[in-house]
Amino acid sequence: MNREWPLWEVFVRAKNGLAHRHVGSVHAADSRMAIEAARDTYTRRMEGISLWVVPSSAITASDPGESDALFAPAADKVYRHPTFYSIPEHIKNI
Amino acid sequence: MQPLAEYALRLGDDSLVLGQRLSEWCGHAPMLEIDLALANIGLDLVGQATHFLGLAGALEGEGRDADALAFGRDVLDFRNVLLVEQPNGDFAQTIARQFLFSNWQELLLRELARSRDDTIAAVSAKAVKEVAYHARFANEWMVRLGDGTEESRSRVVAGLEWIWRFADELFAVDETTEALIADGIAVDARSLRPEWDARIARTLAEAKLETPKPRRAVTGGRAGHHSEHLGHLLSEMQFLPRAYPGAVW
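For the protein sequence lines, the chains are A and B, in the order given.
So in this note's numbering, spot 44 of the first sequence is number 45, and the numbers just go up one at a time.
So in this note's numbering, spot 166 of the second sequence is number 1453, and the numbers just go up one at a time.
Bear in mind the hints are in silico, worked out from the structure with no lab data behind them.
Hints are supplied without guarantee of correctness; some may be wrong.
To be verified - Not close to chain B: a few residues of chain A, all C-beta gaps over 10 Å, as computed: (1) F12; (2) V27; (3) E37; (4) A38; (5) D77; (6) I88.
Unchecked claim - Computed far set for chain A versus chain B, every beta-carbon distance over 10 Å: (7) N17; (8) G49; (9) I50; (10) L71; (11) S87.
What the hints assert, rightly or not - Keeping only pairs whose Cα atoms sit at most 20 Å apart, straight-line, the calculated EDC-like set for lysine to aspartate or glutamate is: (12) A:K78 <-> A:E67; (13) A:K16 <-> A:E67; (14) B:K1416 <-> A:D31; (15) B:K1495 <-> A:E48; (16) B:K1416 <-> B:D1434; (17) B:K1413 <-> A:D31.
Even glycine gets a Cβ: it sits at the ideal position worked out from N, Cα and C.
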């Protein structure tokens, strides 16, 4: 029998308007315990205002063996970056 | 000591001694996450103690600050309830102790946040938020342990049976508090009992645990009559400042 508690991935939203960002993981027996462990581990220095926890087992990862098929084709398609537009002087952010 | 200083000392000592107890788990908890959680709660309590003992020292007016009161007093001068000095035992006993204490402390601080003493009101208003979390943490663990495995259940039953005799002292009132209650500074702890009983019963029902039978209450902490456990706790907590007075790093 596996006596370790399951692993949960932790996402923190630093402030309203920002997306939740992955910050790490915790062990916990259930989702409420995972929230509390995440709170104690990742938000004790005011890092966030909202937490998500997701069972690590629910995450499907891309296969490193397929990285060429998945990611290499993007390497020579620089035109997909919006770098060919001239930006007017007074525009600070796009 | 005048009554308000004595009252602040009691509040501070409750938090200080339990904070020290919880810190004993640091490096020994069953999981890293629990280690952090218990240490966090302990640190919250030590933070409260710093404020309450600071107030006690200022009111006393003999130049003792929070550190002097925490590290310079002997066991007979401590005014905490007996519950907080009880040994950690196993994890379930620690949780049972926290369960009784944090639910009480949350109700107490909620009322003290309206105290007519500004400092007590301010410290309580800040602390009650962290204590609400402590109570939530302890309540959930009571349910997990009580409604968990045979072993977790038998351990939490034993822990609760052990700690139950120290609950009544949380609700005691004496001549020190009576005048302060009349002035709207202190809380009449007796008035917290019905809501505390209801909270405890609600969580125990969820945990599929029985409320322990009433038993002869063990009291005396407020008058300095402590169990032998407190002396051992203090000898560890006070060793460094006593061996190296004024040490800084």
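Evaluated hints:
Once the 10 Å rule is applied to beta carbons, F12 (chain A) is consistent with being away from chain B; the minimum gap is 17 Å. For V27 (chain A), the requirement that its beta carbon stay farther than 10 Å from each beta carbon of chain B is not met, with the minimum near 5 Å. Not every C-beta of chain B lies more than 10 Å from that of E37 (chain A), the closest at about 6 Å, which undercuts listing it as non-interface. Non-interface call for A38 (chain A) relative to chain B: violated, since the shortest CB-CB distance, roughly 4 Å, does not exceed 10 Å.
The beta carbon of D77 (chain A) sits about 45 Å from the closest Cβ of chain B, which is more than 10 Å, so the claim that it is off the interface holds. The Cβ of I88 (chain A) lies farther than 10 Å from every Cβ of chain B, with a closest approach of about 46 Å, so its non-interface assignment holds. At roughly 20 Å, the least C-beta separation between N17 (chain A) and chain B is larger than 10 Å, which holds for a residue marked as non-interface. Residue placement check: G49 (chain A) keeps its beta carbon more than 10 Å from all beta carbons of chain B (closest about 15 Å).
Distance to chain B confirms I50 (chain A) as a non-interface residue, since its nearest Cβ pair spans about 14 Å, more than 10 Å. Non-interface call for L71 (chain A) relative to chain B: holds, since the shortest CB-CB distance, roughly 34 Å, exceeds 10 Å. Separation of S87 (chain A) from chain B is adequate, the least Cβ-Cβ distance of about 52 Å exceeding the 10 Å criterion. The suggested pairing of K78 (chain A) with E67 (chain A) holds, with an alpha-carbon distance near 19 Å, which does not exceed 20 Å.
With a CA separation close to 36 Å, the supplied pair K16 (chain A) and E67 (chain A) exceeds the 20 Å bound. Proximity of K1416 (chain B) to D31 (chain A) is assessed by CA-CA distance (about 23 Å); at most 20 Å being required, the pair is judged violated. For the proposed pair K1495 (chain B) and E48 (chain A), the alpha carbon gap of about 37 Å is over 20 Å, so the pair is violated. For the given pair, K1416 (chain B) sits about 27 Å from D1434 (chain B) by alpha-carbon distance, which is inconsistent with the 20 Å threshold.
Between K1413 (chain B) and D31 (chain A) the alpha-carbon distance is near 29 Å, which puts this suggested pair outside the 20 Å criterion.
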